[in-house]
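Asks: Here is how the chains run, residue by residue.
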Amino acid sequence: MKSRRMLRFKSMISILICAVLALGLSSGVACGMELGPTGLSLSGEAEQTVNWFLTEGELSLGITRYKLSLDQDLRRAGAGIDGHAHVSVKGWYNHKASEGKWLELDEAYADIYHDLFDLRLGQQLVSWGTAYGFNPTSYVNPLPSMATLTQGGLTELTGLPVPAVYVSAYPSWKHMSADVGMVLVLNPRLQGVPLPEEYHAEILGGIGYGVQAGLQAPGAAEALAGAMLPLLPPEMSGIPGIEVQLAESIRNAEVRLTSPEFSAKPPNSFTDRLELAGRAGMNFGMWDLYLSGFRGWEDTPVLWVETVPSMEVVPAVPIPQLDVYMDIYPKAAYRKATALGAAASGTWGPYTFWGEGSYTWPDKVKELDAEGNIAMSTNDPYLRAVVGADRMFGSASEYYVMGQYMYNGSGSLLSPYRMPGEKAKAGHYLAAVGRATIHDDHQIELMNICNLRDKSGLIVPRYTYKVNPMLSAWIGTTFLLGEEATEFGNLSISKSVFAGAKVVW
Amino acid sequence: MNPANKARRLSRLSGPKIRDAWVLLAVLSMCILVMPCNVHGAELTARQILDEVEGTALLVGSGSAKIELITESKRGQQRSNTLQIYRKTDADDTEKQLLEYLQPADVAGTKLLSITKPDGKDSEIWLFMPALGKERRIAAQEMQTKFMGTDFTYEEISGTATYKEDYESKRLDDDTFDGHKCYVLQLTPKAKSEYTFVKMWVWQDESIPVRVEFYGRGDKLRKSLDTSGWKKNTKGKWEPSQVVMSDVLAGTKTIIKIMEASEADVPDEYFTVRYLRRR
Chain A
-8 MKSRRMLRFK SMISILICAV LALGLSSGVA CGMELGPTGL SLSGEAEQTV NWFLTEGELS
52 LGITRYKLSL DQDLRRAGAG IDGHAHVSVK GWYNHKASEG KWLELDEAYA DIYHDLFDLR
112 LGQQLVSWGT AYGFNPTSYV NPLPSMATLT QGGLTELTGL PVPAVYVSAY PSWKHMSADV
172 GMVLVLNPRL QGVPLPEEYH AEILGGIGYG VQAGLQAPGA AEALAGAMLP LLPPEMSGIP
232 GIEVQLAESI RNAEVRLTSP EFSAKPPNSF TDRLELAGRA GMNFGMWDLY LSGFRGWEDT
292 PVLWVETVPS MEVVPAVPIP QLDVYMDIYP KAAYRKATAL GAAASGTWGP YTFWGEGSYT
352 WPDKVKELDA EGNIAMSTND PYLRAVVGAD RMFGSASEYY VMGQYMYNGS GSLLSPYRMP
412 GEKAKAGHYL AAVGRATIHD DHQIELMNIC NLRDKSGLIV PRYTYKVNPM LSAWIGTTFL
472 LGEEATEFGN LSISKSVFAG AKVVW
Chain B
2 MNPANKARRL SRLSGPKIRD AWVLLAVLSM CILVMPCNVH GAELTARQIL DEVEGTALLV
62 GSGSAKIELI TESKRGQQRS NTLQIYRKTD ADDTEKQLLE YLQPADVAGT KLLSITKPDG
122 KDSEIWLFMP ALGKERRIAA QEMQTKFMGT DFTYEEISGT ATYKEDYESK RLDDDTFDGH
182 KCYVLQLTPK AKSEYTFVKM WVWQDESIPV RVEFYGRGDK LRKSLDTSGW KKNTKGKWEP
242 SQVVMSDVLA GTKTIIKIME ASEADVPDEY FTVRYLRRR
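Residue numbers (my numbering), protein chains in the order written: chain A, -8 to 496; chain B, 2 to 280.
Chain A on its own, in the form it takes in the complex (with noise of 0.2 Å):
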């Protein structure tokens, strides 16, 4: 009853900071505010959603959200330098899950323009490639989640801010001009696993499952009864028939999980965290090219699972009783990469198009090629591309849309991890944004994107309406496309209808 009671108060609070913050500070400021003589600017915006899930029957608070932020103009500061500081701290809370935070630092960096280069130190997010939410030559952020892709996110995905040190230089010679930048990631903000709890448990309840099916196979238990023989105390092994007590033994072996989740521990030192990435890109007519590069930590960890039999001897007439066991470790590791990378993006008459791909090598790790693991993950190096082209028309310009395809080599968008025994598949995606706006104030969106391999997807239809410069209200759906045992089919929010209201000062 207590923690009923608190949940409801966290949620009520929650509620509360967004609405002070909405309609507190938002009244009469059309843009944020200037505070003092220097210009330090403060503004902010507060989100609340309702999602009604379609399965459950279930009307419940979605995520209410908020940021504030503060800027400063630093010679207007007086700091005798061209730059600009900001900082923004953001909270959120998800009234399903019953889990938030209040306050979270969001990015807080200071820049320095300098003649030869633009300098930006602190928390900060650095955007890179062309494509529309899926950059795969964006190494230094890690995405939130591509879950937010079901409320409309696709062209509105940003990732979470690391501690960098980035350099930029723009060197030009005659008509010619490049742009370079170099990042240093003091600490990179590694992930977890990317899969709820009920998850770590059902894959590993399957591959308990498993393991006891595969020692009903023909010829299994012998193998292993064989491999395990000398492990019986020398009184035993020479007893007449029990090689075949010990495959009868492994045959109901009991399979034991020794931990309810996978977890991985970061690395500690501060020289093996740090990252680095480099970019440098050329403007060729129409068209602008970037190479880039990058060695630092995946964000996610490869996950494995080792099983280890043991065998206990209960003393008995008139041959001794084996019972053996298979124990079930759950293992994860965060791992280095390199990758390189490329993207283009250029124009052609009405149309934009844009290509981005990287290639990324992966640092062995030997626990996932040993024999007897069960591997979630591969050392294999992988391919990721994206191709896309969007217009605009209509005589405003009111109408867009948008087509990409995506090609992920290291299997799904939404997982990185296969199911053991599940043969490596590179993932097919294909994405779509249709928008109309009528007289700036109402906004028809639909988004769809789709799992070619599986035929599943999304399609999330959107309206929002303008209600004044400040203050934003959508409503929407989405439809699941294919079987529900599908990529997108999973995805408890697949059957919903939302909707939402944003408050931007």
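It is possible that some hints are incorrect.
[To be verified] In silico DSSO-like links for lysine-lysine, alpha-carbon gap of 30 Å or less: (1) Lys182(B) - Lys221(B); (2) Lys118(B) - Lys58(A); (3) Lys165(A) - Lys118(B); (4) Lys87(A) - Lys493(A); (5) Lys182(B) - Lys457(A).
Just so you know, these hints were derived from the structure itself, not from any lab. All values reported here derive from a predicted model rather than from experimental measurement.
Model the placement of chain B on the given structure of chain A, informed by the hints.
Replies: Just chain B now, kept in the frame of chain A:
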């Protein structure tokens, strides 16, 4: 370069968030910074008056302006955007323009950079969206009749130079408008146009067009363009503080308020992707 052609190219980037900026530029080039001149009304022909009116277009060369652009619906509902505009013309006639949205908050920080070559080919346009933290190239768009969904057509924003070239001009009886003694010109298009004729009121003392009326089929008034709040800037040039285009048939308005204008040279670095990325 013909301002209409410029506007067509610029309008390509558009999207509802940014289209208004181009309207402003076009109107500014049509109406602002008209040079004062001395004319002797009685003897002047319609053509001579138009020659005087042509003056200098807005921000030819280098300059900047801060403006508020308001669109008003038939029901009187207004939408306001505040923009900062920088412009520069290089020695080789390459035109560079940078627009930055200052308000409202949902588009604040959005920047639009265009670099237009003298031959009009290979115009480069980038849009910087602060929420994404990166710029995007924007493609050209087919020329549309209505300029970015506002009350302006390309023809209207092409400025008086187009009237001189594309219209037959006739002087009507002088009139008084808004307290100013005005020449009144009737301009009839030489080629097929959506307007049957245009009437222009030109302030006699300063050769400034203070009102333009656009007539359509059946000689019905379709739209009117009014400028007001004229004042001299520090260089002695006349600037209106407000420009209003009213669509009489649709009942809509586009209002442009010039908050600040400067002809001070804008540094080259403003017209770079590097500057787009800066906050």
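Asks: For the pair supplied as a hint, Lys182(B) and Lys221(B), confirm whether the alpha-carbon distance does not exceed 30 Å.
Replies: Since the Cα atoms of Lys182(B) and Lys221(B) sit roughly 25 Å apart, the hinted pair holds (cutoff 30 Å).
Asks: Against the 30 Å threshold, does the CA-CA distance of Lys87(A) and Lys493(A) hold or violate the hint?
Replies: 19 Å, holds
Asks: What's the verdict on Lys182(B) and Lys457(A), does the C-alpha distance respect the 30 Å limit or exceed it?
Replies: 44 Å, violated
Asks: Between Lys118(B) and Lys58(A), is the straight-line Cα distance small enough, at 30 Å or below?
Replies: 42 Å, violated
Asks: Just to be careful, I want the Cα atoms of Lys165(A) and Lys118(B) compared with a cutoff of 30 Å; is the pair within it?
Replies: The hint holds at about 17 Å.
Of the numbered hints given earlier, the model fails hints 2, 5; all others are met.
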